[in-house]
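Numbering (the numbering used here), first residue to last: 515 to 815.
Treat the hints with care, as some may be off.
To be verified - Calculated pairs, BS3-like style, for lysine-lysine (alpha carbon to alpha carbon, straight line, at most 30 Å): (1) K764 - K808; (2) K533 - K611; (3) K611 - K808.
As the list claims (entries may be wrong) - Quick list of simulated restraints, FRET-style, between CB atoms: (4) G543 - G725: 19 to 27 Å; (5) S545 - R801: 53 to 61 Å; (6) R633 - L702: 47 to 55 Å.
FYI, nobody ran anything at the bench for these hints, they're computed from the structure.
The beta-carbon is built from N, C-alpha and C at its ideal position, and this holds for glycine as well.
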Amino acid sequence: MKTTLLPQLQTFLVAARRKSFSAAARELGVSPAAVSQSVRQLEEQLRVVLFTRTTRTVALTDAGRRLLEGAGPGLGQALASLQEVSAQPGEAVGRLKLTVPEVAVPYVVTPVLAAFRARHPRVEVEVVVENRFVDIVAEGYDAGVRLHEAIERDMVQVRLTDAFRFVVVGAPSYLERQDAPRRPEDLLRHECFTFRVPSSGALYAWELERGRRNWRVPVRGSVVTNDRRLTLALVEQGLGLAYAFEPAVKEELRTGRLVRVLEEYAPIVPGFFLYFPSRAQRSGPLRLFIEVAKEFATKAP
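Starting from the given sequences, assemble the full structure and let the hints guide the process.
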């Protein structure tokens, strides 16, 4: 391929990562028509179709996915190298893109990112907050944050927090009207706020454990939402029960606005981890971020 097509390749990689010509245009500071033309030029030179296009969406073809997986890491490393050679001695430059679940932001990302930016102000950091499972390699992320059990086995993992619990909580006003559940199956008789699993569309079944026994309870309620703040607001109003990351409701539990039920069945999870493919350790910004993350790795509040 001619080296003159490198700008088109970069445009393709941004569009593939963003899954949108419009979003790619905003990131690159050009028009959507310019993005479309650049991709078309690359397709004509390669004699393959890289995207399937409709009036509303674009999606990678098999050829497009192969090009993304093969060229993405190499071009990213090349662009980072260009930034590095322009830096002053000892100055870190580059770009870091992270995917993080919403619940982990205040406990993991905020303290680490503040310290990282103070030390390395020329490193650009993009944090995408989303609760779906993300293929960080295919979608152009340098690293992500997840619970230990949700991380693929071939990923490198760095612990960010100690273990913590998920608990079932409700407001005293609700529990005055309804008998508190004493066994996991009692939840089936209660109003429970849950959410849909992004990958399957199924309602999330609450996971409980006691000793060696585990339960997945298919709870139901009149409201289904993926917004944690809305869920907690409804629970505090006495409208039902919620399944919560315990550190996220610490203040509500301390003040008595919420109380735990079925506490002896609360499952313990290993904690949040930063994860990334082994080859990503060559990235200078990621190495520096890991160093700061290790300093701040602590117990969840």
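**Q.** List of violated hint numbers, smallest to largest
**A.** 4 and 5
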